[in-house]
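Visitor: Below are the chains, spelled out letter by letter.
2 protein chains.
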Amino acid sequence: MLANKNDKKTDLEALGEFGLIDHLTKNFAPSQASTEKGVGDDGAVLHLKNRTVISTDFLIEGVHFDLSYMPLKHLGYKSVIVNLSDIYAMNAIATQILVSIAVSNRFPLEALEELYQGIALATKKYEVDLIGGDTSSSKTGMLISITALGEAKAEEIAYRAGARANDLLVVSGDLGAAYMGLQVLEREKEVFKVNPNNQPDLEPYSYIVERQLKPEARKDIVELLKKLEVKPTAMIDISDGLSSEILHLCKQSHVGCNLFEDKIPLDPTVIAACEEFKLDSTLVALSGGEDYELLFTINQKDFPKIKGNPNFTVIGHMTEAGEGAHLVTRGNSKIPLTAQGWNSFPS
Amino acid sequence: MLANKNDKKTDLEALGEFGLIDHLTKNFAPSQASTEKGVGDDGAVLHLKNRTVISTDFLIEGVHFDLSYMPLKHLGYKSVIVNLSDIYAMNAIATQILVSIAVSNRFPLEALEELYQGIALATKKYEVDLIGGDTSSSKTGMLISITALGEAKAEEIAYRAGARANDLLVVSGDLGAAYMGLQVLEREKEVFKVNPNNQPDLEPYSYIVERQLKPEARKDIVELLKKLEVKPTAMIDISDGLSSEILHLCKQSHVGCNLFEDKIPLDPTVIAACEEFKLDSTLVALSGGEDYELLFTINQKDFPKIKGNPNFTVIGHMTEAGEGAHLVTRGNSKIPLTAQGWNSFPS
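So the protein sequences, as listed, match chains Z and A. Residues in the first sequence are numbered consecutively from 1, following the numbering used here. Residues in the second sequence are numbered consecutively from 1, following the numbering used here.
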């Protein structure tokens, strides 16, 4: 349904490895003051003040993305976003990225140009410099490896390990939409297999499909927290699902947690899609993943600073470690949280 | 011939993604003063003084390595080395690495443990911290993506662009051995296919096979140059072959070059293997690649400081750009240098 309709196709062999890097990165002029040398030498050179935060992620075709419904421009954009999200989750501001790609020879140059258009869009919006990377051929499909760097003052950095009992558990935005967007896209893919002439009407699902195909990272939340003078005691981004991330915070902070089912923020379109797909919306929020929202804990004294702010929802509070991590259901029963986040080694 | 003879095989599914990272990295305690937080959060946190140098490389099974003769421990070691080499090529000292791996389910946990033993060996020898990475499943084979960081003072960094006409062109170590080691291993692989009981005698080739399977990065050269108070005007590491690297220096420095064939340093075992394989040793040195030696230019006034030092060979000098880049043969004819370095997109 979303086949690549490139008319012009240029073989990668025609360019060679160095020509390819030059070609794809020629429009990425560094704009960050901390970038002294970007692409084009054995290494990039940075002048980072304060503390450097660094994170890296693999994105592999057939494991992390499906090109039958993921346009390459969106893939480029999303690949950058998922990495920047890790930097913001440390309460830092992203400054640079390195992008490595490996592709089989089924991809013409024009496909990589589309991918890099999406990468360029993300670097512009989030004000990060593309400073390096590697290109290679692959035996099958497309592989993307991105490393993101950011800066923060030492005292600003929010680790997973800082949550204390009685801290409030807060989440930005709403949850479960990216997962439901994926369900819609997977269903349309099956329909397309049966009838390639069928034109899917994705209009009613535009919010959830966009959350899957073109997620955003919450740089705005990091900036807002700074403005509100709220320093999260612990923070993590929601890539694998709320439940899995809460358990990370609990484990590393040596605390327990009560999460209240009725507080979990859900968009109405997520609730509608869950009904249509006969899925439990709480389970979708807990285990869906790919929301790239920020999950953090704050000291109760900071509550007045965020109270009533539509960007934040208080969804629970931390407890002593011995109490464990629980979901308090709408029916007021307590059930233990389990990590049902996405497992990249499914059996 | 070098089949994996693990008796014990643990499925990766049994551990899950987070368990796998924890398991593989549990013995990598940070030792660098600049590492404030290593593996275990959304990002690592570094306190890098001076300038940060950063570089990243993909290593892909079937493209960059062949597990039929590359033991996993060696692969882990070499993967780190090729990345550190880029940091040293900037005249910086490597401090940290991030290692991402993706593997198909044909690899048991014990195979990854072997890989990480090699990675650990390299991090220990070169005094770098493993501070992060990602693990994933792959559709085919093994993929490794490493990002290396290093530190240097701004005035110490050697770019590719700093060479001037009349600078001397200098190389560390000797060239062509890694490529000839690969020829021996490829030949033995073919022999093994025909007769699996044949025991190869690699003893006469131990130097060149080791240069292929367990190369070293020239941290010692960076330290030695500092001790000798020689600041290279330009520097690059030899990963793709001498010829290709010289052309990079010429292009980015806007200079030409005369390279003298009779000055190219060759180990006697390389010359012997070239005779056996009926290959021209000069061509092997020019195009072989994977030597991970440092190629640099120095101002002529610094020549007395390196003169007679067995670590260095002056192999030519830079010229005005208009003169082009040439090989001056033993017969005293000048032939233009062409990049015949390894192309990762062969036609």
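Simulated from the structure, these hints should not be mistaken for lab results. A portion of the hints provided could be inaccurate.
Any copy will do: because identical chains look the same in the list, a pair fits if it lies in one copy or spans two.
Subject to a maximum C-alpha distance of 25 Å in a straight line, what follows is the list of computed DSS-like cross-link-like pairs (lysine-lysine) [as the list claims (entries may be wrong)]:
no., residue 1, residue 2
1, Lys226, Lys26
2, Lys251, Lys124
3, Lys26, Lys251
4, Lys124, Lys139
5, Lys307, Lys278
6, Lys301, Lys49
7, Lys214, Lys251
8, Lys153, Lys305
9, Lys334, Lys124
10, Lys278, Lys125
Visitor: Which of the numbered hints above does this structure break?
Guide: Violated hints (numbers, rising): 1, 2, 4, 5, 6, 7, 9, 10; every other hint is consistent with the structure.
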